[in-house]
Each structure stands twice: as C-alpha cells, then as structure tokens.
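2 protein chains.
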Amino acid sequence: MTINATYHIRQPESKIDAVAEKLAIGLTVGSWTDLTAEDRDHLERFKGQVIEKKVLEENLLEVVIGYPESNVTPDFSSIITTVFGKLSLDGEVKLIDLEFAADYYRHFKGPAFGIEGIRELLGVAGRPLVMSIFKGIIGRDKVFFEEQLRAQALGGVNLIKDDEILYDVPELPFEERIQIANRVLDEVEQETGRKVIYAVNLSGPVFDLPEKARRGVELGARAFLFNVHSYGLDVLKGLRALELGVPLMAHPAFSGAIAGSPDYGLSYPLILAKLTRLAGADLVLFPAPFGSVTLSEETAGAIVAECVKTLPISAAFPVPSAGIHPGLVNKLIDSYGVDQVINAGGGVHGHPEGAAAGGRAFTEAIDLYYGGTTGSAYEQAVTLWGS
Amino acid sequence: MTINATYHIRQPESKIDAVAEKLAIGLTVGSWTDLTAEDRDHLERFKGQVIEKKVLEENLLEVVIGYPESNVTPDFSSIITTVFGKLSLDGEVKLIDLEFAADYYRHFKGPAFGIEGIRELLGVAGRPLVMSIFKGIIGRDKVFFEEQLRAQALGGVNLIKDDEILYDVPELPFEERIQIANRVLDEVEQETGRKVIYAVNLSGPVFDLPEKARRGVELGARAFLFNVHSYGLDVLKGLRALELGVPLMAHPAFSGAIAGSPDYGLSYPLILAKLTRLAGADLVLFPAPFGSVTLSEETAGAIVAECVKTLPISAAFPVPSAGIHPGLVNKLIDSYGVDQVINAGGGVHGHPEGAAAGGRAFTEAIDLYYGGTTGSAYEQAVTLWGS
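Line order of the protein sequences matches chains A and B. Note that our numbering has the first sequence beginning at 3, numbered continuously upward. Note that our numbering has the second sequence beginning at 3, numbered continuously upward.
Isolated chain A, as found in the complex:
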C-alpha cells in the first residue's frame, strides 16, 4: 500500500512528466535508469508511483505520488521527511494533501474523545459548544486568573482555554492553575449545574512533557492545550499514546509559517486539521474566515471537513477562532453545522457588562438560532459588534 501525496507545483506543462518521475524515483529509490534488471525487480516495491498528474492552470501542475508505506515508519517525521523533506527545498512546491490507506490508520490513535466523547464529558448534545479564552493574562497573578476564570465560567461557556502564550511561569505555575481551576469550576458546577472544562497549556522541555502531563492529570487537569505546530506533530502523537484520559486541544499557533504561503509549505487543511486529528487532537482550533485573522471560506470549510470526515479514527471538534463575537454565531452554524466549538476571547471579555455577560450572549445566540427567544446579553453584543 502507498501513502499518496498531492502536490501543487509551479512548473510549465512541458515539465509534467519529468517532474512527476523525479519525485517518484528521486524521493524513494534514488535512480532507476542506472539499475540492473535484477535490482529493478527487487526495488520495484520501494519505488514511488505516479498516481496522477494534471495541469491545473498555466504553470501550475498537480501531481500525486504514491510512496510505499514500507519506506517509512509510522512517525510524522518519517512520513513528512520522505514526502516533503528535500522536496521542500526545491522551489515552489506545496504539499496539498496526504492520503492513507484505511489499514494504515492502525498506527494512529486519533482523538481519544473526539466530538462524541467531549459532548459526553460536558453533557451537551445537539448544539455547538462555546469556549472562551483568557485575555490579558500575561504578567498577571493568581487572583486575576481566578477572577477571570470564574467570570468566564459563570456566563455559560462549556470550555475555557489558556492563552497559548501563557507558559509555566512563576507567577502562574501550571500546577496551581490546574488546582485553582478545579476549585472554581467545581463551585460553578454546584451553583449552576453546568460542567466547564479548563484546558491548561502544556509546555516546557519536550522530554519532560509526558511526566508533566501525567502530573497534571493527577492534580486534576481536565484538558490540555498544546502548541502542536511549534513542538512537532510527533510530540502530540506521543502525548496521545500516553492515554492520559483527558482531551487534547491543538492550537494553530505557528501553523501560518508552514501553511501561509500559496506556493510553499503544506496546506492549512492538511497541517491544521488532517494531521493534528491523526496525531490525536480532540479539538482543532483554526482561524475563522469571518473574524480578525482571515483564511478564505473555502480553506476554513476544508479544515472543518478534515476534522469530521468519516475515517477509522474519531472525529475532532473543529474550533473556529479569532475575532468571533455573538453576532457571528448564525453564520458559524450555517457554515459548519452543530458539531463545532465556537471560541472567543475579545467577544466574551469585551462585552459591555463583562465576561459573564459575554458568555451568556453566545449561549443566547445559539438558543436563538435553534428557535429560542433573544436575550439581553446577545442584544447588547449585537449592538456593539453587529451581526
């Protein structure tokens, strides 16, 4: 079986055969014309295959190469180095997609919880979830953390995540954030009957992460936020293999360095969604095309599709993020459906009546979408940010 890589290559049509052959041979057995008949027989099964080649537009070729699974080990580093190691240095070539045979998924656990598992943890079915993000947390202390956490939780959000740029700093150590959050969120649950999960940023020296994650779970951590793209996909895969028993949330930080260019790197749907889901992300954050950081609607749609499509691993929750406010809820549900986590920072904290009202505005917007009546927090948000 092969791993099929789809590339977009800025080359003229006249080069298509040479380019395709160069990939299939050059990135596997190295040469073919120099080989003896005996060597060819033996090496046939290690040789890349040209699965497809076509001209997309002038000077833009699409080539699909099948790499024998047995050439690589089931590590992202191995797969990526084979299909896009040397090739990434070779001019305007973009890796658009990787396709694996159904049987190859046995090497990847994928999401431990996925959409269904997270819905069960939170006891919420049939509607999108809402997540909020700490704001202005850098340089702040435990009192600020606790107050902001409580305000967010009281508004009705389902999840709260650390700012991805908050690490394990002396003012707000990892362990204490977990413990404070458990106390606060247990109080909120007793008060309101609603479960809220806090995702603490798992950070630090890479080989300390397994022990640190286990210690976090022992202290009661209920989810981890993880900057997978600055650590590497194999690190997420390695954390997933630990069976920590809590959801893993993949942050898109740094992914733009790999996917931002139209002509280089990987596509956003591949790096942000397909590979992080495969590595074990239960929740996949991505910049929504309606907010402040903008991807195209087509790209965002493809990211969501990669999160939820039927595969031998569980579906991951797509989490549209960045510049989200309650007035965008309609558009988000129309675009991505019920299985998403709507994620907001400024759109929660910037509410005229504070973060709790900000959270309420989102839940009111969702109620309204599903036929409920409008609420005052939502109306205030829409007055401020539009809809």
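Check the hints yourself; a few may be wrong.
Put simply, identical chains are the same to the list, so a pair is met inside one copy or across any two.
Think about it this way: if two alpha-carbon atoms lie no more than 27 Å apart in a straight line, the pair counts; the simulated DSS-like pairs of lysine-lysine are [unchecked claim]:
#, residue 1, residue 2
1, Lys137, Lys49
2, Lys49, Lys17
3, Lys111, Lys214
4, Lys49, Lys144
5, Lys17, Lys137
6, Lys137, Lys24
7, Lys197, Lys144
8, Lys333, Lys311
9, Lys56, Lys197
10, Lys214, Lys137
Derived by calculation from the structure, the hints in this document are not laboratory data.
Following the hints, complete the assembly by docking chain B onto the known chain A.
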C-alpha cells in the same frame, strides 16, 4: 532583558506605527489603552517594546520587537509561539531574525563538539572536511550497506551520513547499521590510518528517542543524523541535554516548508542555522547555492555566518550540500573558508571509477586548493562535471 524579533511585513508605510504597536502590545499584554494606571505600572515589564521600525521598500516594512525574556520559558516552542504563533496566521509577515542577550545563552547548551571538537575527533586541522552520503539505499540490505560504506570510507572522506529518508526499517535496523559501520570503519582505520565517522539517522517515536540514542551510543554510535525540522527544535534541544557524547548533525529536510517563501515563515539563516546551532547541532547541513537545490549566495552566506559567528556557544560546522562535485571545491572554500564540511552524494558515487575514487577526487581537490598537485581522480571528476 528582551528577545528581539525582526520581521519583514508587507504593509504600506502608512501602517508602520499601528503594525509595530499591534505586535508589541498584542503579542504580550494584549491591550494597553484599556488598562488602569496601576495595571500599566505593573505590566510595563511584560510589555513588548518597539525597538526599531523602518521602510525597506514600497510596501515592505522592517519592524523589530523586543519581547521580555520573562514572558517565555527557554523552550523553542514557547519562544516561537510568542514571537510568531498567532502572528504567523496574520498575512504576509516573515520572521527574519531572533536576537538573544548574551546572558540568555545560559539556557542553551549549543554544540557539544562544534568545529573544534569535531576536528579533534577526526584529527584533521587546517582544511575543510569531506562527507559523503549513501545513495540508493532505500530497499537495500546489509550487504549493500556494508559495501557502499566501505567504498565511501576508503576514498578518504571524513564523515559518512545516512540518507535522511532511511529510517529504522527491518531490512537495515538502526542497531545493526551502527554495528556494521563500527566494524567497517575500524578496519578502514587500521588499513589507512584515517578515522571516519558514520552518522546514523536517529528516528522513531519522539519519546523513545532519548533511550534509543543512549542505546545507540552504547552500541558504539559515533554521530547522529537528525531530521530536526520535521521533529521540532525542542526535540534536538532535548537530545543535546542528554550529553550523549557524540556529535549531532542537523538535516535541512522540511525546512523549505518553513523558510522557502519570501513572504511567510522564518528566514533560512534563522531556522536552518541560528536556531539549530542554539539547539545543539554540531553540523548544520544546508543546500549550497552552487549545486542542484539552489538558495541564493547571499542566503547561503548568511547561513554560514550564523554557524560560525562568535557567541557564548560553540560554532557549528556549516555543511554545504546538494549537487556538490569536486569541481566546486575551489568555489566552496573561497566562499565559506576552511571551516566547512563539503558534503556530496552523487558527486562521490557518480565518479567514473566508483565511490572510493569519488572521495579521493574531493581530497585531491582540497589538496590542490592548498597548493598540492592535481590527482587523477580529481581530473576525471572535472572532465565529467566541470569546475
């Protein structure tokens, strides 16, 4: 103290103040105008600073932001997520450089051997080293491996590296490659009096790498090749922290996905050289501008400069690679000086008289550069590939 990040941003001159301020505030304390005087006093030391801003050309700005060291932990993930996490998703912005205060280098071991240490291991002073790469090794067996290793070693190269796309496969397991190489290279040393170091590709599940590297060293591994850009810089930093006692060689595979675009990602000198040296690479491979995969001469020169410039950590050996043949030796030494490892695959194996003659052609080329007489292997190579 601050970590100073230099960005190139495709925006008009009219935006320069707003852009610079957005980075300094937005990527640190989040907001400033909303804060009370008391909060501002407290948060001043966590706030990013605009160190410099200038217009490079129409619609191209250069902005330097200083991020307080105390905002991050000394992990690449943390540093990169802060300076280029969210920002990487924000359009045409390229991270050109990171500058650290002298004192900040205490968090990074840098190369364990570096140029001086590797020269001592090999007993070669005052001239460039030569490295050769296995060719057509995918799908081959131990007999092929052993024969090709011996042929390369007999020619006079100083180092031999695995193909970066050869992993720990059943046909050629990691452990056996190490053991075969030790036997062969000890024999070559007895025959010729020359030491040759073989760098085995360290690959596999990321959290197994420390144990695997230690096992490799116990079996006699004398260097590791490492696909740092598909694993992550922190993984290399973590391996360096183990004090394995053997050199680490950083392969450039996948770096083009991060550095290839002129408008997105990181610069090649930063990702390929500065950060891998900081992480602990003793040898830094990069595509030479004279060979098959081409960077500009300016970029390649900047990569070499980052490998060798005076810092509180050792210098790393720059290793120009890709399409190198003996006729390029003059140009390489003229461009990069004596402290480099000239690295060739096809330029060794493609020699009319085989790999041993290919290695000899390189040593003859270096002899000739330093005033020796020409040799027959070199002459044959020049006849074939030019000079």
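Results of checking the hints against the structure:
no.	hint	verdict
1	Lys137 x Lys49	between (52 Å within a copy, 14 Å between copies)
2	Lys49 x Lys17	within (21 Å within a copy, 52 Å between copies)
3	Lys111 x Lys214	both (21 Å within a copy, 22 Å between copies)
4	Lys49 x Lys144	between (57 Å within a copy, 19 Å between copies)
5	Lys17 x Lys137	between (51 Å within a copy, 25 Å between copies)
6	Lys137 x Lys24	between (50 Å within a copy, 15 Å between copies)
7	Lys197 x Lys144	within (22 Å within a copy, 58 Å between copies)
8	Lys333 x Lys311	within (21 Å within a copy, 53 Å between copies)
9	Lys56 x Lys197	neither (51 Å within a copy, 50 Å between copies)
10	Lys214 x Lys137	within (25 Å within a copy, 42 Å between copies)
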